[in-house]
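Enquirer: One letter stands for each residue in the lines below.
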Amino acid sequence: MLTRYLSLAVKNLRRRLVRTTLTVAGVGLAVAVAVSLGGFVLGYREAIDKSIEMLGFQVMIMAKGCPYEAATLMLKGGTGLLYLPSDTYEKVKRDDAIDAITPIFVGIAQKEASSIRDEGSEKTFTVVDGIEVPSFTAMKPWLKFKGGAGYAGGKWFDQASKDEVVLGYELAEYEQRKVGDTFYATITPFGKPDLVRHEFKVAGVLERTGTQDDGTVFMPIDAARAAFNRPNQLTILGLKLKQFNAANMREFETKWLKLPEVQVVSLQQVKTTLISLVSTAQTMIAAVAVIAVIVALIGVINTILMSVYERTGEIGIMKALGARRSDIFQLVWLETLMICLIGSIVGSIGAWVGAGLVEKAIKSLADLGVSGSIVRITPGVIGWAMSGSIALGFFAGLYPAWRAASMRPVDAIREGAS
Amino acid sequence: MTVALLAIPREAFAAIGCTLSNPAQDLKYLFPEMTSYKEDLKEFPRLNDGAELFKSLKARLGSDLDPIYETYETPYTVYGIYKGKTKIGVVHGVNVSGKGGVIQVFLSTDPNTAAIKKFFFQRLESPASTALRDKAFRSQFEGLTLADFYKHDYYAVAEPGAAADKVGKLAVPKIDAAGKPDYDATIRGIRKNLILLDFFVYGKRFEPFFEKAQTVKAGGTKQ
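Chains as they are written, first to last, in our numbering: chain A, 14 to 431; chain B, 2 to 224.
In short, the hints are calculated from the structure, not lab data.
Cβ coordinates follow ideal geometry from the N, Cα and C atoms, glycine included.
Keep in mind that the hints are not guaranteed to be accurate.
[To be verified] BS3-like, lysine-lysine: derived pairs with alpha carbons at most 25 Å apart:
| no. | chain 1 | residue 1 | chain 2 | residue 2 |
| --- | --- | --- | --- | --- |
| 1 | B | LYS175 | B | LYS118 |
| 2 | B | LYS119 | A | LYS136 |
| 3 | A | LYS106 | A | LYS271 |
| 4 | A | LYS106 | A | LYS253 |
| 5 | A | LYS104 | A | LYS205 |
| 6 | A | LYS214 | B | LYS181 |
| 7 | A | LYS284 | A | LYS136 |
| 8 | B | LYS218 | B | LYS205 |
| 9 | A | LYS136 | B | LYS218 |
| 10 | B | LYS181 | A | LYS136 |
| 11 | B | LYS167 | B | LYS119 |
| 12 | B | LYS119 | B | LYS43 |
| 13 | B | LYS205 | B | LYS56 |
| 14 | B | LYS218 | A | LYS373 |
| 15 | B | LYS43 | A | LYS136 |
| 16 | A | LYS253 | A | LYS271 |
| 17 | A | LYS253 | A | LYS136 |
| 18 | B | LYS29 | B | LYS39 |
[Unchecked claim] Ranges of calculated distance between the beta carbons of each label pair, as one might list FRET restraints:
| no. | chain 1 | residue 1 | chain 2 | residue 2 | range |
| --- | --- | --- | --- | --- | --- |
| 19 | A | GLU66 | B | GLU40 | 36 to 42 Å |
| 20 | A | LEU21 | B | ASN49 | 52 to 58 Å |
| 21 | B | GLN215 | A | ALA162 | 28 to 34 Å |
| 22 | A | GLU212 | B | GLU160 | 38 to 44 Å |
| 23 | B | GLU74 | A | GLY396 | 36 to 42 Å |
[Stated by the list, open to error] To give an idea of the chain B side of the interface with chain A (calculated C-beta under 8 Å), a few residues:
| no. | residue |
| --- | --- |
| 24 | SER22 |
| 25 | GLY102 |
| 26 | GLN123 |
| 27 | GLU126 |
| 28 | LEU171 |
All chains, full assembly: derive it from the sequences and hints.
Expert: Here it is as structure tokens:
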């Protein structure tokens, strides 16, 4: 019986192919928007989680400023850096609540940007992290050296070295550097007017991590401080607490906020800040998606109703030949559901195929503070969108189906004939 | 405090090939009369005689290829420049490893004669940067073809200091020892660029000059 209904429903839809196609396209567009939004919400949260997890710390101590600035500084890099006195490290590291701590000096080196103009190129920048290798790698045990031709023998620099660096994967690829090569970094020492070009030897190239570390130059913290002429400063203290929970964090924060120059930022706070920053945009996109769904819904109801009116005589004859109210109801309802189902499949495929473009568009419109993919379309997201579309089709088909089923055969045949 | 996001070009990170950063603007800058351009991606694995061409690249370049950044799989983008339907130029860039970073050497060439119309850098970070970017230095290459480089190889053996050796007469910019590797890499980049263009665009028209140079190098008869 269902096969017959299906066959009849398909025939009816194919009789008005252009109209059916346009209606399906409308549903598809709404579903594509909904899937993309779902993919963005999911992908962005995962990107934040991954970026924060890959920082390796639970808490950061840094110079006073905006926590969002602090977050993006660590997650994506940035300029306008603020520095702490280096003795902050000596003071904080004695705290019993701390499980692990690492000091990081962040500086910005100048690089030549790409330009073919005779008048010279714009400058671009690269992040230089001055680190203490043992404590830093303890926080990020996943950092591994790239092997194979050109990269074999990669290792961390000697902490006392002044001319060795380790490059993140993407930076090494961008600069086409291998282990043992020379690497130029142009640095403006603090308080001095002139740029100084430094020559470093590449001690190792890290494997890709998908984080800011991929574009970073790592060097010994003292060498970085000397190059930037900030011998007694550091940028961040990354920490892990022995017991990390809200109460301990509050206690720890209260203790160290007494230092006049510092702010204590938990990565949970950073995560909340980043999510709240995009929540407004997500709400707006969701509103657009809701409007698209409503428009698509009206389109579906309109299409099916028109189809019912056009087939008034036909429905009358079907009823006169013995079709029951439920037969007519199911037939029209099935047509609606088919439009929504096909539309949801088309929209889901469109969203999946276009995910890269959506991601590019979002990233070009706003900086979201994380690196890596921010749109993740999973079977779950597609499943939800398709279920939603079918559920809407379920309701959208009720009125036209009821309307068709309620026609009296004689009236319907007369109306259809006129 | 202002955070300016780092201008680390992620797209550039993703490719080891050498493409113009802003093709439309850059090509219009080079060819103000341009009305359109086409990008043609060339990869040795996709060419019928790709393996043979790649093998011959090293011999024509006269130096080893970098095993990571100058591989068989490295993609090359050739830009064809048009005024209406007429092709008015060809632009192509290559990466070469400089002392402290990558050097991107671009050439624009005449579509008919294959002569260099303009030589320029897209990326160059070097102690010799000012000297190498200097217009007077770069303009010396205008009008040269790959034949002139092959002829230089020939003259270097057969008639050192020959008046007809255009490449031999190029004035070396004043650079100190720290900048010398980048000068050498630049010259290698120009030659590599011309060889690839000869392969991809000009139908290996300069092969006879290469063969002549090889013959004389091998101690054959001077022709």
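Enquirer: Next, verify each hint and record whether it holds.
Expert: Evaluation of the provided hints:
Annotation: proposed proximity of B/LYS175 to B/LYS118 holds, straight-line Cα distance about 24 Å (limit 25 Å). At roughly 23 Å between alpha-carbon atoms, B/LYS119 and A/LYS136 fall within 25 Å of each other, so this suggested pair holds. Simply put, A/LYS106 and A/LYS271 have alpha-carbon atoms about 15 Å apart, close enough for the 25 Å limit, and the pair holds. For the proposed pair A/LYS106 and A/LYS253, the alpha carbon gap of about 11 Å is at most 25 Å, so the pair holds.
Pair hint A/LYS104 plus A/LYS205 does not hold up; C-alpha atoms about 30 Å apart against a cutoff of 25 Å. Between A/LYS214 and B/LYS181 the CA atoms are separated by roughly 18 Å; this keeps the pair inside 25 Å, and the hint holds. A C-alpha spacing of about 31 Å is found between A/LYS284 and A/LYS136, which places the hinted pair above 25 Å, so the restraint is violated. Simply put, B/LYS218 and B/LYS205 have alpha-carbon atoms about 20 Å apart, close enough for the 25 Å limit, and the pair holds.
Note on A/LYS136 and B/LYS218: the hinted pairing is violated, with a Cα-Cα distance of about 45 Å set against a maximum of 25 Å. Under the criterion of a C-alpha separation no larger than 25 Å, the hint pairing B/LYS181 with A/LYS136 is consistent with the structure, at around 23 Å. At roughly 16 Å between alpha-carbon atoms, B/LYS167 and B/LYS119 fall within 25 Å of each other, so this suggested pair holds. Restraint check: the Cα-Cα separation between B/LYS119 and B/LYS43 comes to about 21 Å, which is no more than 25 Å; the hinted pair holds.
Taking the CA atoms of B/LYS205 and B/LYS56, the gap is near 14 Å; set against the 25 Å cutoff, the hint holds. Proximity of B/LYS218 to A/LYS373 is assessed by CA-CA distance (about 53 Å); at most 25 Å being required, the pair is judged violated. This hinted pair does not check out: B/LYS43 and A/LYS136 have alpha carbons roughly 30 Å apart, beyond 25 Å. Restraint check for A/LYS253 and A/LYS271: the C-alpha separation of about 20 Å stays at or below 25 Å, so the hint holds.
The straight-line distance between the Cα atoms of A/LYS253 and A/LYS136 is roughly 37 Å, outside the 25 Å bound, and the hint therefore fails. Note on B/LYS29 and B/LYS39: the hinted pairing holds, with a Cα-Cα distance of about 13 Å set against a maximum of 25 Å. At about 39 Å, the beta-carbon gap between A/GLU66 and B/GLU40 stays in the expected band of 36 to 42 Å. A/LEU21 and B/ASN49 have their C-beta atoms about 55 Å apart, which keeps the hinted 52 to 58 Å range intact.
In this structure, B/GLN215 and A/ALA162 meet the distance hint of 28 to 34 Å, their C-beta atoms being roughly 29 Å apart. Between A/GLU212 and B/GLU160 the CB atoms are about 40 Å apart, so this pair conforms to the stated range of 38 to 44 Å. At about 38 Å, the CB distance of B/GLU74 to A/GLY396 agrees with the hint of 36 to 42 Å. Contact between B/SER22 and chain A, as hinted, is supported at the beta carbon level, the nearest pair being about 4 Å apart and thus within 8 Å.
About 5 Å separates the beta-carbon of B/GLY102 from the nearest beta-carbon of chain A, less than 8 Å, and the hint is met. Look at B/GLN123: its Cβ gets to within about 5 Å of chain A, closer than 8 Å, so that hint holds up. Here the hint on B/GLU126 is kept, as its CB sits about 4 Å from the closest CB of chain A, short of 8 Å. Look at B/LEU171: its Cβ only gets to about 19 Å from chain A, farther than 8 Å, so that hint breaks.
The structure is inconsistent with the numbered hints 5, 7, 9, 14, 15, 17, 28, although it conforms to all the rest.
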